[in-house]
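Take the given structure of chain A and dock chain B to it, following the hints.
Chains A and B, in that order, give the protein sequences. Everything in the first sequence is counted per the numbering used here, starting at 36 for the first residue and increasing by one. Everything in the second sequence is counted per the numbering used here, starting at 78 for the first residue and increasing by one.
Check before you lean on any hint, since a few could be wrong.
Straight-line distance between alpha carbons at most 20 Å, and here's what the computed SDA-like set of lysine to any residue pairs gives [claimed, not checked]:
hint: 1; chain 1: B; residue 1: Lys-144; chain 2: A; residue 2: Tyr-84
hint: 2; chain 1: B; residue 1: Lys-144; chain 2: A; residue 2: Met-57
hint: 3; chain 1: B; residue 1: Lys-144; chain 2: A; residue 2: Ser-109
hint: 4; chain 1: B; residue 1: Lys-144; chain 2: A; residue 2: Asn-143
Computed footprint of chain A on chain B; a stretch qualifies when at least three of its residues, placed anywhere within it, have a C-beta under 8 Å from a C-beta of chain A [as the list claims (entries may be wrong)]:
hint: 5; stretch: 128-136
hint: 6; stretch: 238-245
If you're looking for bench data, these hints aren't it; they were derived computationally from the structure. Keep in mind the model is a prediction, meaning the values are calculated, not measured. Idealized CB from N, CA, C, for every residue including glycine.
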Amino acid sequence: MNNKGFLSTSMVYSFFLVFLLMILFIVANMINNRILVSRLVSDIKEDIYGNDLADFIMDAASDTELIYNAEINSYRFVGANPNNYVCFGSTTTPCPSDNLYRIIGITNNQVKIIKVNSITVTTNYAFLELLNYLNDTDTGFYATLNSSNINRTNWYSGNVSEDIIQNLADVYSAEISSDAVVDWVGLPYVSDFLGANDEANNNWLNVSNTLFLTQHLNDLGTSEYYYLNNGVINYTSDITTLIIRPVFNLKNYTAFNGGDGSQNNPFMIGG
Amino acid sequence: MNRGFVFIETIVTVVILCASLIYLYSSYSSIINNEETRIYYDDPAYVYKASYLRDYLINNSNIETIKNDSQTFADYFAHNIGPIYEGLFLGTTSDPDFYRMWNNFHVRNMVLIPSDLITECDGNLSGEIEGKCEETYENYITSYHLRNYIRSLNDTGHDYYLVVEFSETLDDNGNIIGCNMGADIRCHSYYVSLGI
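In isolation and in its complexed conformation, chain B is listed as follows:
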């Protein structure tokens, strides 16, 4: 009598459940993807590496002068700080020890940002600030992953932050070596931010 009803009922149930499962799976995949991305953010080992770089800069460079110079962040909310950044080290274009640390830690990029970048370049922007934020991202934070990392920051307890990008992969012998994201296979970038 009602076999047809049971069959249709089963079909409807299976369809609803399948739709629910597909929805659940896609949500699950999205969570997993976010989680896989987040393991590259503020990894404790890289936080320590970044803290060595930060300490070195604090004690041996003109980073304070650069921060306090009103012109430094007049046009942009960021500056790429590296071994060849002009004026970073007193009386010299570079610093051998810092250069060595930079290479040994496989640092790919280091950006000095005021906390304004975190607070101002978020949400609906307009006018001068919008232009400054766009210029900053176009000129100083060109990497898509670095941009995503900076956008995930919400700590504004310090006036300035040092954002460090490390890029590493394994060579054929299983040793960790530096690499270029996008150019080298299996190259992973790790991101750390520290107040300075």
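Just chain A, same shape as in the assembly:
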């Protein structure tokens, strides 16, 4: 008879419990939905970033082949024969030899590549003329390229003195302090060559007679370029007999479309 209070209290407790459960159910659902949406957004963003060539190479390349070089603030492929081949301007498999390039390194997410096959120059061009020759949109090397993936960058004249030519940090510092021209295509610098040395001085860029864009500092008023003479850096004013291997920088976030960087299965790039 005396359990009216008990009954009303039980009713209030029951309502409270039901209300509490409803709130818990709604909040749990909301948290679950939030987690799902966060994962979805995260996947979408990964998709947006994820097919980036530079990011992929940084993840996939061997730690002994791609190393960070603090002296030039850049990641560089080093050693005798790293897996740094890339197919530029073609999606054909196997990559046509004329489209085969190798990656020099990655600076600020920008991939710098060098052509495997050389081209010829028949005139002793001075620095600006040489760049004009390479970048002529009608007859130059640039005209043969699919330019939508190439970045316009500074190309430095160098003017590096002989006494520092073996010192990477000094050469790099002198190069980037020299006069520059903004253009698409250039040539490898001496610093690119020195930066490709591994600890045992194996160097995949050590191809005899390769012409460097870096010029010798002289008082002659004429262009003297450094080049490789049987592994030794020398300089000359006659570039007509030398190996010209064009170099350029790919646009940031160039898409990666497969490959493992070996010569037979080079990295493929999109767009």
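Relative to the frame of chain A, chain B by itself:
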């Protein structure tokens, strides 16, 4: 005999339960409010729109030069990047295609921030950094909602982020149009950040 006791017991129970319910409801409301705010953050449709803008900037503008210029973020942790940002496009004050995208996507604001803004301007600040953070918020991130969004960011995997604010509403015919938060009714802003 103990009717008085039962009555008091019931009153006490009801009071305690009511207090608990009020507390629960306020917590619930706060969660709902946060959730309602968060639906305007990183909405997938707007993430894609922002990625088109980002791609366009990467491939057609001087955004890399701006990022790499040591002076760009010397005084502030942010810069408002838009169609009329000086030096954004080579040899021209603006870019018609980018301007068109900006209008069609109903972009209201776009801020380029270094990840330092996320890492440095958080928690207890002092000295130079505090001043730089305050100046940044006062001069470049003036919108209260944009500021809240940036403060909710915790991804620092990229060195720089593009934070985009889209403002949209529906016109009388149900079409989505651009609008100004605070000035136009039913105007909603959506926020997206992408590494760049």
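Comparing the hints with the structure gives:
Only pairs whose Cα atoms come within 20 Å are accepted, and Lys-144 of chain B paired with Tyr-84 of chain A is accepted, the gap being roughly 18 Å. Restraint check for Lys-144 of chain B and Met-57 of chain A: the C-alpha separation of about 50 Å exceeds 20 Å, so the hint is violated. Simply put, Lys-144 of chain B and Ser-109 of chain A have alpha-carbon atoms about 17 Å apart, close enough for the 20 Å limit, and the pair holds. Straight-line distance between C-alpha atoms of Lys-144 of chain B and Asn-143 of chain A comes to about 10 Å, which keeps the hinted pair within the 20 Å bound.
Coverage of the stretch 128-136 of chain B by chain A holds [criterion: at least 3 residues with CB-CB distance below 8 Å; count 5]. Residues of the stretch 238-245 of chain B lying with their CB closer than 8 Å to a CB of chain A number 0, which falls below the three-residue condition for coverage.
Hint compliance for this structure: hints 2, 6 are not met, and every other hint is.
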